[in-house]
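Colleague: For chain Y, the structure is supplied; the task is to place chains U, X and L on it using the hints.
Number of protein chains: 4
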Amino acid sequence: MKKNILHTGKTLSYESEIKIRFCEVDSMGIVWHGNYVKYLEDGREAFGRKFNLSYMEIYKKYGYMTPIVKIEINYKKQLFYEDEIIIKTTFTDTPAAKICYEYEIKRKSDNETILTASSTQVFMNKNRELELVTPKFFKKWKTRYL
Amino acid sequence: MKKNILHTGKTLSYESEIKIRFCEVDSMGIVWHGNYVKYLEDGREAFGRKFNLSYMEIYKKYGYMTPIVKIEINYKKQLFYEDEIIIKTTFTDTPAAKICYEYEIKRKSDNETILTASSTQVFMNKNRELELVTPKFFKKWKTRYL
Amino acid sequence: MKKNILHTGKTLSYESEIKIRFCEVDSMGIVWHGNYVKYLEDGREAFGRKFNLSYMEIYKKYGYMTPIVKIEINYKKQLFYEDEIIIKTTFTDTPAAKICYEYEIKRKSDNETILTASSTQVFMNKNRELELVTPKFFKKWKTRYL
Amino acid sequence: MKKNILHTGKTLSYESEIKIRFCEVDSMGIVWHGNYVKYLEDGREAFGRKFNLSYMEIYKKYGYMTPIVKIEINYKKQLFYEDEIIIKTTFTDTPAAKICYEYEIKRKSDNETILTASSTQVFMNKNRELELVTPKFFKKWKTRYL
Numbered sequence: 001m002k003k004n005i006l007h008t009g010k011t012l013s014y015e016s017e018i019k020i021r022f023c024e025v026d027s028m029g030i031v032w033h034g035n036y037v038k039y040l041e042d043g044r045e046a047f048g049r050k051f052n053l054s055y056m057e058i059y060k061k062y063g064y065m066t067p068i069v070k071i072e073i074n075y076k077k078q079l080f081y082e083d084e085i086i087i088k089t090t091f092t093d094t095p096a097a098k099i100c101y102e103y104e105i106k107r108k109s110d111n112e113t114i115l116t117a118s119s120t121q122v123f124m125n126k127n128r129e130l131e132l133v134t135p136k137f138f139k140k141w142k143t144r145y146l
Numbered sequence: 001m002k003k004n005i006l007h008t009g010k011t012l013s014y015e016s017e018i019k020i021r022f023c024e025v026d027s028m029g030i031v032w033h034g035n036y037v038k039y040l041e042d043g044r045e046a047f048g049r050k051f052n053l054s055y056m057e058i059y060k061k062y063g064y065m066t067p068i069v070k071i072e073i074n075y076k077k078q079l080f081y082e083d084e085i086i087i088k089t090t091f092t093d094t095p096a097a098k099i100c101y102e103y104e105i106k107r108k109s110d111n112e113t114i115l116t117a118s119s120t121q122v123f124m125n126k127n128r129e130l131e132l133v134t135p136k137f138f139k140k141w142k143t144r145y146l
Numbered sequence: 001m002k003k004n005i006l007h008t009g010k011t012l013s014y015e016s017e018i019k020i021r022f023c024e025v026d027s028m029g030i031v032w033h034g035n036y037v038k039y040l041e042d043g044r045e046a047f048g049r050k051f052n053l054s055y056m057e058i059y060k061k062y063g064y065m066t067p068i069v070k071i072e073i074n075y076k077k078q079l080f081y082e083d084e085i086i087i088k089t090t091f092t093d094t095p096a097a098k099i100c101y102e103y104e105i106k107r108k109s110d111n112e113t114i115l116t117a118s119s120t121q122v123f124m125n126k127n128r129e130l131e132l133v134t135p136k137f138f139k140k141w142k143t144r145y146l
Numbered sequence: 001m002k003k004n005i006l007h008t009g010k011t012l013s014y015e016s017e018i019k020i021r022f023c024e025v026d027s028m029g030i031v032w033h034g035n036y037v038k039y040l041e042d043g044r045e046a047f048g049r050k051f052n053l054s055y056m057e058i059y060k061k062y063g064y065m066t067p068i069v070k071i072e073i074n075y076k077k078q079l080f081y082e083d084e085i086i087i088k089t090t091f092t093d094t095p096a097a098k099i100c101y102e103y104e105i106k107r108k109s110d111n112e113t114i115l116t117a118s119s120t121q122v123f124m125n126k127n128r129e130l131e132l133v134t135p136k137f138f139k140k141w142k143t144r145y146l
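Here the protein sequences come in this chain order: Y, U, X and L.
First residue of the first sequence? That's 1 in my numbering, and the numbers climb one at a time after it.
First residue of the second sequence? That's 1 in my numbering, and the numbers climb one at a time after it.
First residue of the third sequence? That's 1 in my numbering, and the numbers climb one at a time after it.
First residue of the fourth sequence? That's 1 in my numbering, and the numbers climb one at a time after it.
Treat the hints as calculated values from the structure; they're not laboratory data.
Each residue gets a CB set at the ideal place from its N, CA and C atoms; glycine is no exception.
Fair warning: there could be bad hints in the mix.
[As the list claims (entries may be wrong)] Every beta carbon over 12 Å from chain X, so not counted as near; a handful from chain U, in silico:
1) His7
2) Thr8
3) Leu53
4) Thr94
5) Ala96
6) Ser109
[Said to hold, decoys possible] Derived lysine to aspartate or glutamate pairs resembling DMTMM-like cross-links, with alpha carbons at most 25 Å apart:
7) Y:Lys108 <-> Y:Glu84
8) U:Lys70 <-> X:Asp110
9) L:Lys98 <-> Y:Glu72
10) U:Lys50 <-> U:Glu102
11) L:Lys88 <-> U:Glu82
12) Y:Lys77 <-> L:Glu57
13) X:Lys70 <-> U:Asp42
14) U:Lys106 <-> L:Glu17
15) U:Lys60 <-> L:Glu57
16) X:Lys19 <-> Y:Glu82
17) Y:Lys50 <-> Y:Glu104
18) L:Lys70 <-> Y:Asp83
19) Y:Lys70 <-> Y:Asp93
20) U:Lys70 <-> U:Glu102
21) U:Lys60 <-> L:Glu82
22) U:Lys76 <-> X:Glu102
23) U:Lys38 <-> X:Glu72
24) X:Lys126 <-> U:Glu17
25) Y:Lys106 <-> Y:Asp83
26) U:Lys106 <-> X:Glu129
27) U:Lys19 <-> L:Glu57
28) U:Lys76 <-> X:Glu72
29) Y:Lys70 <-> Y:Glu129
30) X:Lys139 <-> X:Glu102
31) L:Lys108 <-> U:Glu17
32) L:Lys38 <-> Y:Glu82
33) X:Lys108 <-> X:Glu82
34) L:Lys70 <-> Y:Glu84
35) L:Lys38 <-> U:Glu82
36) Y:Lys108 <-> L:Glu129
[Stated by the list, open to error] In silico negatives: residues of chain U with every beta carbon more than 10 Å from chain Y:
37) Asp26
38) Ser27
39) Gly29
40) Gly63
Just chain Y, same shape as in the assembly (with noise of 0.2 Å):
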């Protein structure tokens, strides 16, 4: 799956809680499948705060915007209204200057794996350049929480 990134084996993960709203449910009574990538961000946000690597806190504080350049999901149950979840967000480290996760989502009343998904992002810089070296900040990340 992630063939064409080296991982140095380091990962930290977080788990968050939502709960389905009813506007997410399609007309076919099952949560509509684009919906999974808006709780993939939740996961990762919640990660974020936890860890001090939000989106607004890498671009406010070190100027660098993050945009996912890769993401793939494997569905494999699928979930009801008013289902609450549990997402498990884990940074996956990497040499190269991306930030990887991995995810799996559970349903909290049976225990079932909904699904697993993976993301890439890289760091562009205020000129909307492409960052090839990982910058300071997070090489300082990975030493305080890896």
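Modeller: Here is chains U, X and L on its own, set in the frame of chain Y:
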């Protein structure tokens, strides 16, 4: 409906069309009511592109943000997946420093009125302060278009 | 505001909380105005779960859909990313065959009123016909809760 | 990318167009990455309407739901408000009981490739059980269109 806002009677209308998306339909099989706010914005922006009054034109050329301060929607019929609709957006002139629109959404296939609505926007300058006096550019716009 | 609907003066309120998501903020840096319709529904459904009046409970137990027929929103202040808000949802009793709510959204950090709103729902039976008389279950509900 | 799924080499493509909406742009001024899932569905449904393979046609005529089980998106460039895009949706034949599409989104103005993506759907019957064998209607569809 517009009891607080005096109108001059001058209006300008534009019709645009959209098709209902799968992900806009809820678990009852009808368009989720919150999506109509998006269709109203579609209508307003189509009007804005036609008559040089879009959000971005006002913001980039004249430096004003034009946030919505009031919206009112009367739902009359329901829309279904793949319905094609016509959004009639009518600029309704007022002496106040406001942009007021009225809307009518019709289904193309049977010409049924699906909803009527109205919205009010104000002008905020770059310091995010409310403008109490109608901006010059907007007076000129009215002279040209109404 | 509610000129067409007679109210009895009986009310019942409930407060719920949410946190603003990244994807709910628009290119002006503020919550996109259409997202508030979702927050109102969040408030209404939290109320419904608390007091047994949610969409699904009404639909599954009693066979009525309860579509929104009117919504009115007055925007007073703006919300930003990661703001935490309190949605106060107030059931407002009427003798008509309608479910009426009023809403107030406040920011937790400074207790500012962000918006006030109201919504009206009607009852549709399984043949999608409008019920003109207040359903029995709803009369009982009022007796119990108001 | 499709390492688990054998392909026959037969394909069928269709191009559709959309315009980026204001509410699809995030606080960084670019289209929020989650919205692309909607554009892919727009492409898939435009393909389905053209070649009689839409969600609803499959569901109503043949009784199968076709949920997404995998989605992969590679983001290459960013989209901005009012950009017009072309979504090229390519059906990619496989002997498995699956519906596989590949996608390319281009900006009309400069013909830049904005993203590439792929999706996999399976067939579920009315009891919500997975169909392991390619349904007859789908074999016929392939004979007719590929």
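Colleague: Work down the list of hints and note, for each, if the structure agrees.
Modeller: Structure-based check of each hint:
Distance check for U:His7 against chain X: the nearest CB is about 18 Å away, which clears 12 Å, and the non-interface claim stands. The claim that U:Thr8 lies off the interface holds: its Cβ sits roughly 23 Å from the closest Cβ of chain X, which is beyond the 12 Å cut-off. Distance check on U:Leu53: its Cβ is at least 17 Å (rounded) from any Cβ of chain X, clearing the 12 Å threshold; non-interface status holds. The claim that U:Thr94 is not at the interface with chain X holds, since no C-beta of that chain comes within 12 Å of its own (minimum 17 Å).
Remark: the non-interface label on U:Ala96 is consistent with the geometry, its nearest Cβ contact in chain X lying 16 Å away (cut-off 12 Å). Under the 12 Å C-beta cut-off, the non-interface status given to U:Ser109 relative to chain X holds; the minimum distance is some 18 Å. A distance of roughly 6 Å separates the Cα atoms of Y:Lys108 and Y:Glu84; the hinted pair therefore holds under the 25 Å criterion. For the suggested pair U:Lys70 and X:Asp110, the alpha carbons sit about 22 Å apart, so the restraint of at most 25 Å is met.
Between L:Lys98 and Y:Glu72 the CA atoms are separated by roughly 18 Å; this keeps the pair inside 25 Å, and the hint holds. Proximity of U:Lys50 to U:Glu102 is assessed by CA-CA distance (about 16 Å); at most 25 Å being required, the pair is judged to hold. Restraint check: the Cα-Cα separation between L:Lys88 and U:Glu82 comes to about 20 Å, which is no more than 25 Å; the hinted pair holds. Distance hint between Y:Lys77 and L:Glu57 is fulfilled; the C-alpha atoms sit about 23 Å from each other, no more than 25 Å.
The hinted pair formed by X:Lys70 and U:Asp42 meets the criterion: a straight-line CA distance of about 20 Å does not exceed 25 Å. With a C-alpha separation of about 23 Å, the suggested pairing of U:Lys106 with L:Glu17 holds against the 25 Å cut-off. For the hint linking U:Lys60 to L:Glu57, the alpha-carbon distance of about 45 Å lies beyond 25 Å, and the restraint is violated. Straight-line distance between C-alpha atoms of X:Lys19 and Y:Glu82 comes to about 18 Å, which keeps the hinted pair within the 25 Å bound.
Distance hint between Y:Lys50 and Y:Glu104 is fulfilled; the C-alpha atoms sit about 18 Å from each other, no more than 25 Å. A C-alpha spacing of about 21 Å is found between L:Lys70 and Y:Asp83, which places the hinted pair at or below 25 Å, so the restraint holds. With a C-alpha separation of about 16 Å, the suggested pair Y:Lys70 and Y:Asp93 falls inside the 25 Å cut-off, and the hint holds. For the proposed pair U:Lys70 and U:Glu102, the alpha carbon gap of about 12 Å is at most 25 Å, so the pair holds.
Between U:Lys60 and L:Glu82 the alpha-carbon distance is near 14 Å, which keeps this suggested pair within the 25 Å criterion. A hinted pair counts as satisfied when its Cα atoms are at most 25 Å apart, and U:Lys76 with X:Glu102 qualifies at roughly 20 Å. Only pairs whose Cα atoms come within 25 Å are accepted, and U:Lys38 paired with X:Glu72 is accepted, the gap being roughly 15 Å. At most 25 Å may separate the alpha-carbon atoms for a hinted pair to count; X:Lys126 and U:Glu17 exceed this at roughly 31 Å.
Distance check on the hinted pair: Y:Lys106 and Y:Asp83 sit about 10 Å apart at the alpha-carbon level, within 25 Å; holds. Distance hint between U:Lys106 and X:Glu129 is fulfilled; the C-alpha atoms sit about 20 Å from each other, no more than 25 Å. Straight-line distance between C-alpha atoms of U:Lys19 and L:Glu57 comes to about 17 Å, which keeps the hinted pair within the 25 Å bound. This hinted pair checks out: U:Lys76 and X:Glu72 have alpha carbons roughly 15 Å apart, not beyond 25 Å.
At most 25 Å may separate the alpha-carbon atoms for a hinted pair to count; Y:Lys70 and Y:Glu129 meet this at roughly 17 Å. Annotation: proposed proximity of X:Lys139 to X:Glu102 holds, straight-line Cα distance about 20 Å (limit 25 Å). Only pairs whose Cα atoms come within 25 Å are accepted, and L:Lys108 paired with U:Glu17 is accepted, the gap being roughly 20 Å. Straight-line distance between C-alpha atoms of L:Lys38 and Y:Glu82 comes to about 23 Å, which keeps the hinted pair within the 25 Å bound.
At roughly 11 Å between alpha-carbon atoms, X:Lys108 and X:Glu82 fall within 25 Å of each other, so this suggested pair holds. For the hint pairing L:Lys70 with Y:Glu84, the CA-to-CA distance comes to about 22 Å; that is within 25 Å, so the pair holds. Of the pairs offered as hints, the one joining L:Lys38 and U:Glu82 holds, with about 15 Å between alpha carbons and a cut-off of 25 Å not exceeded. Our distance criterion of 25 Å between C-alpha atoms is met by Y:Lys108 and L:Glu129, whose separation comes to about 23 Å.
At roughly 6 Å from the closest C-beta of chain Y, the C-beta of U:Asp26 falls inside 10 Å, breaking its exclusion from the interface. Not every C-beta of chain Y lies more than 10 Å from that of U:Ser27, the closest at about 4 Å, which undercuts listing it as non-interface. Its beta-carbon lying about 5 Å from the closest one in chain Y, U:Gly29 breaks the requirement of being farther than 10 Å from that chain. Against chain Y, the non-interface label of U:Gly63 holds: every CB pair exceeds 10 Å, the least being about 22 Å.
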